[in-house]
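I would like the entire structure built from these sequences, with the hints used as guidance.
Read off the chains here:
There are 2 protein chains.
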Amino acid sequence: MTEVIEPAIETVTIDVVLSALADPVRLTLVRALDAAGDWTCGSDVLRDTGVAIGKSTLSHHIKVLRQAGLIRTRVDGIRRLVTLRNDEVEQRFPGLLAMLREQDPARAPASTA
Amino acid sequence: MTEVIEPAIETVTIDVVLSALADPVRLTLVRALDAAGDWTCGSDVLRDTGVAIGKSTLSHHIKVLRQAGLIRTRVDGIRRLVTLRNDEVEQRFPGLLAMLREQDPARAPASTA
DNA sequence: TCCAATGTTCGATCTGCGTCGTACTGTTCG
DNA sequence: CGAACAGTACGACGCAGATCGAACATTGGA
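Going down the list, the sequences are from chains X and R.
Sequential numbering of the first sequence, starting at 0, is according to numbering that gives the first Met the number 0.
Sequential numbering of the second sequence, starting at 0, is according to numbering that gives the first Met the number 0.
Relax, there's no trap hidden among the hints.
SDA-like, lysine to any residue: derived pairs with alpha carbons at most 25 Å apart:
| hint | chain 1 | residue 1 | chain 2 | residue 2 |
| --- | --- | --- | --- | --- |
| 1 | R | 62 | X | 26 |
| 2 | X | 62 | R | 98 |
| 3 | X | 62 | R | 99 |
| 4 | X | 62 | X | 96 |
| 5 | R | 62 | R | 86 |
| 6 | R | 62 | X | 23 |
| 7 | X | 62 | X | 99 |
| 8 | X | 54 | X | 6 |
| 9 | R | 62 | X | 18 |
If you're looking for bench data, these hints aren't it; they were derived computationally from the structure.
Next up, the structure:
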């Protein structure tokens with residue numbers, strides 16, 4: 000009941016997903032949520048990633064990601080918690096999240112030699 | 000020797016690929032090249048897909064796709080032939096091209112019921 | 001009830017980039 | 001050599017979207 004509306008995963012098209020992921024800020028957010036693996040406060044993600052944007056801009060990006068079917072928002076008292084729709088995205092677009100995880104600048108690359 | 004310079008597939012990042020595929024025209028071009036499966040003249044792709052853009056714009060998009068490591072350009076006499084770097088892209092980003100092929104509006108969707 | 005905290009919405013601004021037209025390059029052929 | 005063809009390079013224009021600040025909404029607690 001405390002979930003913000005989001006599209007069913009079957010109705011999500013790859014076109015919209017690609018547009019959503021094309022922005023560097025949103026890509027960072029998705030990667031951070033993927034790394035967190037659990038419900039996370041939006042502003043906490045901002046702090047963790049070091050992305051410097053206003054709260055209205057963050058709200059905008061979260062909205063885009065949610066409408067693209069990539070994340071889910073849950074109302075928890077005073078704050079909104081967000082999470083990656085991991086399994087659903089994996090089911091609809093197999094391997095997509097793995098591609099984002101690879102070459103993530105926030106994680107230490109394998110070839111640091 | 001008659002190949003236009005292109006990045007090695009290992010140096011291609013998912014970020015750049017996502018940005019390249021975020022544009023609807025470029026997405027159409029990639030899908031058309033994927034469907035063609037062989038060296039194709041750029042202007043022929045335009046005609047086949049029905050995309051209405053000027054030739055300088057087409058040249059721009061082809062350049063973006065090539066720099067993103069997705070396509071290859073070969074000089075053939077007076078014209079330039081382009082092709083998808085199918086195997087390399089599949090190796091680096093497994094499943095990516097399949098995602099684009101699915102839900103391709105140019106191909107008849109499976110569920111036309 | 002009043003206030004603080006978190007996030008959304010709205011309007012305005014500004015930058016990036018998709019688009020076009022023209023000029024230019026390179027190739028083939030007469 | 002010169003003309004026609006295919007594409008590239010470059011500068012300019014316009015629009016979509018990223019960003020911000022301020023006002024508003026909602027919840028929790030004092």
